[in-house]
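Generate coordinates for the entire structure from the input sequences, incorporating the hints supplied.
Protein chains in written order, with the numbering used here: chain A, 1 to 278; chain B, 1 to 336; chain C, 1 to 337.
To be clear, the hints were calculated from the coordinates, so they are not data collected in a lab.
Keep in mind that this is a model prediction, so the values were computed, not measured.
In this text, a Cβ means the ideal position worked out from N, Cα and C, and glycines have one as well.
So these bits of chain A aren't anywhere near chain B, every CB distance computed over 12 angstroms: (1) Ala15; (2) Leu43; (3) Leu87; (4) Leu98; (5) His102; (6) Leu110; (7) Gln235.
Part of the chain A face toward chain B, derived, beta carbon under 10 angstroms: (8) Phe168; (9) Ala171; (10) Gly176; (11) Ala177; (12) Pro189; (13) Thr192.
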Amino acid sequence: MHTFRRLMKIRTASAGLVMVAVLAVACTLLPPLLPYDPLEIDLHHRFLPPLSGGHVLGTDEIGRDTLVRLLAGARTSLLIGLSAMVLSTVTGCLTGGLTGFHGGWTRRVLMRIVDSVLCFPTIFLLLTLASFGQPGAPTIVGIVSLVAWMEVSRVVDGQVRALRGREFVIAVEAMGASGVHMLLRELLPNITGAIIVVSTLNVARAILMEAYVSYLGNGIQPPQPSLGAMLNDAQEYLRPDPWLAILPGLVIAIAVIGLNFVGDGLRLAVDPRQGRRA
Amino acid sequence: MADPTAPLLDVRNLTKIYPRRKGLFGKGDDFVALDDISFTVARGEVLGIVGESGSGKSTAGRIAMDILPRTSGQVLFDGVDPDGMDRRQRRAFRRRAQMIFQDPYASLNPRMTVEQLLRTPLALHGLTAGPAEDRRKLVAALDLVGLPETLLNRYPHEFSGGQRQRINIARALMLDPALVVADEAVSALDVSVQAQVVNLFMDLRERLGIAIVFIAHDLPVVGVISDRIAVMYRGRIVELGETVAMFTRPRHPYTAMLLNAAPAPDSAPAGPMAARLPAEETDGAGGCAFRPRCPFAIAACATGKPPVRMLEGGHMTACLRDELVIDGPLAGQSCR
Amino acid sequence: MSRPILSVRKLAVTFAQGSGPDIPAVEGASFDVGAGETVAIVGESSSGKSVTAMALLGLLPAGAGTIVSGQALFRRDEAHEVDLLALPEREMRALRGRDISMVFQDPMTSLNPVLTIGEQIAEVLTTHDGLTRRQARATAVDLLARVGLRDPGQIVSHYPGQLSGGMRQRVMIAMALACRPRLLIADEPTTALDVTVQAQILALLRQLQAEMGMAIIFITHNIGVVAQISDRVVVMYSGQVVENAPVRDALDGPLMPYSSVLFRTVPTYDAVLARRRRLPTIPGHVPDPRHRPQGCTFHPRCAHFRPGVCDMFRPSLEAAREGHEVRCVRWQEIARG
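Okay, here's the thing in structure tokens:
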């Protein structure tokens, strides 16, 4: 609770939290209230500019309501972001926890793999992987997590290693605690802060990744709405109808900036000492 | 259980070597942290281990607790080596031997309340007996260390160093141990708090019959609490004996130097045993490690590791010079 | 004693926090340090002993919330007296290291790890004494020899990480004495060291003091060290000076109940001989500086506490006899027994 209060004192963090919250609430509650379906084509009303013909944000090249499609796309993005985060956090905690705890050659091998993979430009890795898989949300979640767990793993590994030699851990070890107990009860609770921070930033990253992949056509397949695909579609009409590109871009920006603000804020809120240094 | 007159803890010929490699393919340059040390602790006895930093005293404690692997040697707890214990024996060992650490700030998990901290040992050993009974045990342990039960819901950061060390001790007591290894347990505390915790250890020994291995660098403190003292220098036990005998007539010049350097307020400052510079890299090459600092060193001291000699009253020394008589701070007072 | 070299009057330091009550770290501390004298300031945590030293050196974090008041007259030579607490930062900087220098508990953190020992000593000398680089290096070797380091010519080109704790503390002392200060402030300089190394450092300080005639303020919690090094003892408790006396008077016949029981809590060789006897202790613990008790701050822990007296008003520091001050309303009754 202290952490939350400190978080709200950081202006950018609270702004980020509001941005993400508004977006999340809007894309869950708003769509049923609107009289359009994201897939409904209306060739009589193509390229409507915002605030015209009953469409708040206008329509696209085949007359679909932009607002509904944006919300649906944002929902997909957030869901993908969250699932990728959950998957990568769980994997990262397990691997990082184990390597940090046991050290030795498992750690050396695993961390070398992580390091070398993290050296690649992620986007190329992502696209290569995406071109092999069946396009769709689960694939994106899979490949985003495939990259993201390493970040988590490295953080958890480092933190666990730092705490492993601390006296409070050795104290319960001397009392007969098993490795599982030490890891789950003593170590992980002490690094939840760091994990939350990486995970939040990973949600933002996953959203961005989804947008990339969908933009390049390997992600969410049409006609399902996706922010990245919408950007791609809008390319052809950039001159006459710029809002078709601006609006999805804006939504991506809101989500990613908001989450990054929260993540950075958490970094400070979780460890007040670091805040002073920054 | 083994023979009740046999020692509770019997450490034999313990050696710990940290291999050190210079560079990628460099030759081994091993660091000998413990060099063939042996000592025993009887039931209900307090054994002090003193020495300066790097003497190996903490290493000895941790190996005795089997939380640090050894290179060679034996540790017998109730006649059984933790190394060869089966699951059930090992569980019992972890219950009956407890450890208290130097830093009361680092040795308590900051995310747990006092209640959670004290419940942990019970949970680990499956000794929980219903909430009411557990709570009674918790309160009893807190009471033993002089803390009120109203503190149960607090977190470690809300306490002073002395209170935290009491919580550490209470946690160790939850399992009703036969042996407590206290590694510099009072060194980080304020003077007046240190006295309180030293008294607490004396209480534990008298009221609960707990044997204590009291590791510290402060000789007067160790002297107050210990029945016998082992003095360590560079990984070896150079002298081991009854406290008063050692303070009256130290048999090893290093003990004498420590006694002289440890400023108890009633000690007379520096005599012939004035502390000398620790030798840098000049020692080690065979012979007694203390030789470069020793005012009594003779040629024979350089020719080989001095053997441990048994003297009267179970006193042991690793000094060659039998005829040496050095007065300790209690010389001439022991009859009082 | 002739005119003191340092005269501290009513020194008070308060740390104001944004939220929560202010922390009065030091409340009206007054004491003198004579030329060539060693004064030990003794106290437990939150007694204010280290804050006092930092305030005298102008090293407390400036601005935000730190309020320092009082007076600390320092005689920099026969003719000039300056108030350390009122000195502008620029002049203070010129004074530090030259007229007053300091040695801290942890020599590792107070030495720059990426400069050699020689460079660091030379820096002090070139700043304050205006020596050339070459002269400074020669002087550095000289100084290192004086603090008892073997092979000073080698050590000047070592980095701090290559030296042991005791050697680093010797280097710190060499640096502190480089400009022959009139006052050396040593804050727990031997606490992190092994006992035999501590004994050597204390002997070294005594010897250098005899040679150079500087005064020393020695801050410590170790009563044994006090007995070995000091001429005079200032006992601090919860931000106040509670007793100030010559070392033998203080250790043999303390008048303030806190000092007397504090000195007795330290294990002595007599206590070693008295097998299994408990050490004297002080009940309770040091009060939180934000909520110090009314009246005498020690009264809740004092064996001589008298209701209606000790908890009503704060005693002032009074002279029990020449050179022996005590802060206790009942000291006369207690002394009579």
